[in-house]
Each structure stands twice: as C-alpha cells, then as structure tokens.
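Work the whole structure out from these sequences, hints included.
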Amino acid sequence: MKLEGRKIYKGTASGEAIVTSQGISFFGGVDSETGVVVEKDHELEGQSISGKVLIFTTGKGSTVGSYTIYQMKKGNTAPIAIVNETIDTVIAVGCIISEIPCVDKIDISKIKTGQIVTVDGTNGIIEVEE
Amino acid sequence: MKLTLEEKDMLEGKYGKATQKSMEILTTLGDIYEAEKMIDIKSVQISGVSYANLGEAGLDFLSKMAIDGKARILTTLNPAGMDRDNWQALGIDEEFAKNQNRVIDAFAKMEVITTCTCTPYLIGNLPHYGQHVAWAESSAVCFCNSVIGAYTNREGGPSALASSLTGKTPKYGYHLEENRHGEVLFEIKTLIQGTDKFGVLGKVIGDKLGELKKKIPYITGIPIASVEELKSFCASVATYGGTALFHMEGITPEALKYPKPKNIKIEINEQDIKKGLAELIDEDIEVDFVSIGCPHASIDEIAQVAKLLKGKTVNKEFWITTGRPTKKIADEAGYTKIIENAGAKFAADTCCVVAPIKGRFKGIVVDSAKACYYGRAKNKFKVKIANIEECVKEATQ
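Here the protein sequences line up with chains L and F, keeping their order.
Terminal number for the first sequence in the working numbering: 130, no gaps in between.
Terminal number for the second sequence in the working numbering: 527, no gaps in between.
Derived from the structure by calculation, the hints contain no laboratory data.
You may find that some hints are simply not true.
As a list, the in silico BS3-like pairs of lysine-lysine whose alpha-carbon atoms are at most 27 Å apart [as the list claims (entries may be wrong)]:
| # | chain 1 | residue 1 | chain 2 | residue 2 |
| --- | --- | --- | --- | --- |
| 1 | L | Lys60 | F | Lys200 |
| 2 | L | Lys74 | F | Lys147 |
| 3 | L | Lys73 | F | Lys338 |
| 4 | F | Lys138 | L | Lys10 |
| 5 | L | Lys10 | F | Lys144 |
| 6 | L | Lys10 | F | Lys523 |
| 7 | L | Lys60 | F | Lys510 |
| 8 | F | Lys446 | F | Lys475 |
| 9 | L | Lys73 | F | Lys523 |
| 10 | L | Lys40 | F | Lys510 |
| 11 | L | Lys7 | F | Lys194 |
| 12 | L | Lys60 | F | Lys488 |
| 13 | F | Lys138 | F | Lys194 |
| 14 | F | Lys319 | L | Lys60 |
| 15 | L | Lys112 | L | Lys10 |
| 16 | L | Lys105 | F | Lys344 |
| 17 | L | Lys10 | F | Lys200 |
| 18 | F | Lys301 | L | Lys105 |
| 19 | F | Lys343 | L | Lys60 |
| 20 | F | Lys488 | L | Lys10 |
| 21 | F | Lys343 | F | Lys395 |
| 22 | F | Lys392 | F | Lys344 |
| 23 | F | Lys492 | F | Lys442 |
| 24 | L | Lys105 | F | Lys167 |
| 25 | L | Lys105 | F | Lys132 |
| 26 | L | Lys7 | F | Lys138 |
| 27 | F | Lys458 | L | Lys7 |
| 28 | F | Lys492 | F | Lys446 |
| 29 | F | Lys228 | L | Lys73 |
| 30 | F | Lys132 | L | Lys10 |
| 31 | F | Lys512 | L | Lys40 |
| 32 | F | Lys172 | F | Lys228 |
| 33 | L | Lys40 | F | Lys492 |
| 34 | F | Lys343 | L | Lys105 |
| 35 | F | Lys395 | F | Lys338 |
| 36 | F | Lys458 | F | Lys523 |
With beta-carbon atoms standing in for the labels, derived distance ranges [said to hold, decoys possible]:
| # | chain 1 | residue 1 | chain 2 | residue 2 | range |
| --- | --- | --- | --- | --- | --- |
| 37 | F | Gln401 | L | Asp31 | 24 to 34 Å |
| 38 | F | Lys132 | L | Thr58 | 25 to 35 Å |
| 39 | L | Gln22 | F | Asn393 | 27 to 37 Å |
| 40 | F | Ser193 | L | Thr12 | 27 to 37 Å |
Heads up, the beta-carbon is just placed ideally off N, CA and C, and yes, glycines get one too.
The following block contains the structure:
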C-alpha cells in the first residue's frame, strides 16, 4: 500500500512500524538513553521506539524536545523515520537537526504496529508492506 | 515558498553549513505553516540556554552550529542556569558551572550577545511598534507582541537561532495582521494594582482561555499599568493560557487598531481575583526561600527592594534575579550594597525557574504567578504569591 503525504525532511528509511494514536512529548516523555517511552499511561509506555519507524498523531510539549530527538540520534536510540498525521514545530525541527526522514499528512489508522514501512522523506511518500 | 536569490544560496550551502541548516529549518516551518515568503527581522531572543534543559545533546548541536555560524542581527539570550560571577554563593556545583559556561561560549562564538535575561527589552533589545522579530521566551514574546506592538511568533530555541544566523523568519502566524484580532473580551470590574495582582489576573484570564481553547484576549477596565506590572501579566498569561498576544484598551498600542470581540464576553470581578490569589497560596507552606525578579527585575523594582531592606537583616535565602546590565546600574546607584548588606543575594543571568534548585527549598514566596507555576511543577516547592513589600517582610521576619 502506497500513501502520499507531505515531505518534512529528506532521506529514505525502511523498518518495522510502531504506531500510536496519541501525541508524543520527547522532552520528559521519552528516555533518550534507552529510547523507551516513559510518559505515564501513554499507549507506548515501556516500549522502545529505537530503530523503528515511529508513527503517531502529532508532537506535544516543550520545544526542548527537538534537542531530545537529536540526542537520541547521536546515541543511536532514535527512530529511523517519523510519520505524523499533523506535524508540529518540535518534531519538525527535531527531524531537521537530527537528519531523520519525516513525512506528515498520512492517515495513520491504515498502518499497524509490526508492519514493514518504507518512508521516502524526499518525495513525501510511504510504502506499507501488507 | 518563494525564496529570494540570497535565501536560495543560503539553502544550497553557499553561506556555510550552519546557515544552510538554519535555512532548512526556516523553509520547512514556512512550508508547514504555508508562508508565502521570508521576511527580514530586526532582532532575535534565543531560549534554551540553561544547561539543565539543554543537556549534552543541545550543547553538541550548538557547538556544531558555532563552527561557521554567525549572528546576522542583534541577538540576546534567555537566562542561564546560574549567575556567571556569583554561582558559588548561590550553591551551584562546579561541574554544572563548567558545562553552563561551555553553552555560553558556543553562543559567544556565534557573536550572539551573551547577556542572559528574559527581559531583553529592558537591556537594549527593544524593537519598535510594527517591526518584525523572532523571539523565544514566552513572557518576552507576549510583551513584544502586546505591549510594544512588534510582531513575533512564539519561537523555540533552534528556530530562534536559525533566524539569528540568517536574519530571516517565514511570514506566517502573528507576522500577519489578520491573525492578530482579539478573540475573547475580558471586562475587568475590579482595581488591579501591583506586580502580584497583575500576575493573578494573568492566571485568571489564562485559565479561562484554556477552557475556551482561545489564545488572544482583548481586555478592558485597566485604567493604568506600569512596565513592571505588564511584564508580570505577560509572564502569567503566557504560562497559564499559552497567550502570545493580548490587547488592553488604553494601554497597548494595537487595542485601537482591532475591534473588541463581540462573540465571547467574560467579566472579571473581585471574587475571581480572590479565587485566583487563593489558588497561588499553598496551605501549610514553610517558607525558606524568597525571590523577586520573575521576569527579571527592572532597576525600579531593585530600588524598591533596596529601600525596603535598608538597615534590615534577612534570615531566609533571598534572591533578586535580574539581567547583568541592570545589576550594574544597581551597583552604581548603591542599591547592591544595601541589598547585600542586608544578607540578600543578587542572582544575575539566572532565575528561580531555570537554576538547578529542584527540591533544595521547601517553600518559596514570590511576587510572580509564573514563578508559582514552575516552583510547583519543576522544583517541587510549596508556593505563595505576595507583593514586593510582603516578600521583603517574609524574608526579614
């Protein structure tokens, strides 16, 4: 299945999807050293987003979150690509400074955790293996 | 987005890597918010300066940008995690001080003015009505848009830095006149006086805006307000309501330009202020910390504190937080000597919100509603709001 969205940051990456219908705050909500979501009562609480294609609705919380994404990239705990329903500035800036492929304006309800997803950030397209 | 030749060259890397990365950030934000073009800006205020918030990752990013990035326009910094001269007296550890100085050095290398303050408008980063700027720091953004009538979006640390290194910002949001209309009319039916009460008013209005999911209040019924009262109000309404712009009839310049909102009208009476005040006083608070200067104290506020402290002795930790240039005026005027003789401490460059003091005190008395919010949420203190006279009394009794 091919889904067309909007390019946020260039580059291509392919991997296992982890999907949530909730927003994510990287500052305070994700442990940058382990890549595990730590926000209390979050759908992904206790799960690692490292090395995955991270698919969620939108970013929330402090603008310092952009630096958290950068820290994860440097420590090899970042997601390999990010797909959003609606991008916010924290996630967009985080992906640009960390050089993580990113696409938004995607109907994320069509993707399930565990599916293999290829994100083409350069053209704003994602491919989901069925 | 339509880019000029210069902007295209920046994006293609002809002005170096830091400028290229900056233009990538700005054009992406421009595309997201459907800006038609970039605009030239007059000044920048950068947030994300305290090492406590930035961490190694933020510092690493800044160091990379500092390899070939230079500020193209007047740029100042938000408060750091410590007083750069007086950090030992404030109980900051040496490791933190070393790392904080690495952050400031990276900014200095980019030719950013390393005066660390949340009130850049008090120390010379002062745009005029109608000018476009790119500021971070929610209280300063609110002051800039509302009290001055200059135009800025609510920037984050990296986007503000990107604007500094390019001199540009994408034209969207509050840079467009059509997005600056008041949304909710607030009629104030009681007299508001003092920085503390203006802070309470900011919380009352901010909370109501949150319930209504609106951002821009149009306020009537305030006959007069000082710069100090307005900076306190800005900090509070930005903290509790996420507000980046308000209009105040007879006080702010754009109140004449935009009509009063007709659809939603809310009256604020004495009861509402009393309730807001009560919400900023924790029961059974044990006070061991007093702070004045959130946002950073003006020279007039410092003069007032000096007058109240003259010949007295404080018996609690008492910080006056301010920008270093204001502290220097206080030195020359003799206020610093009076205040320090009483046993109170100046904490320039920093404040009780960004310094690494979590859990160090039990209860804080402040004249700022914003400081109450972060005192509770970030530093785990009990809090009490009071006016400046009461704050000094609390510190000396």
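Hint by hint, where does the structure go against what was stated? Just the numbers, ascending. Hints 1, 3, 6, 9, 14, 20, 27, 32 and 37 contradicted; others consistent.
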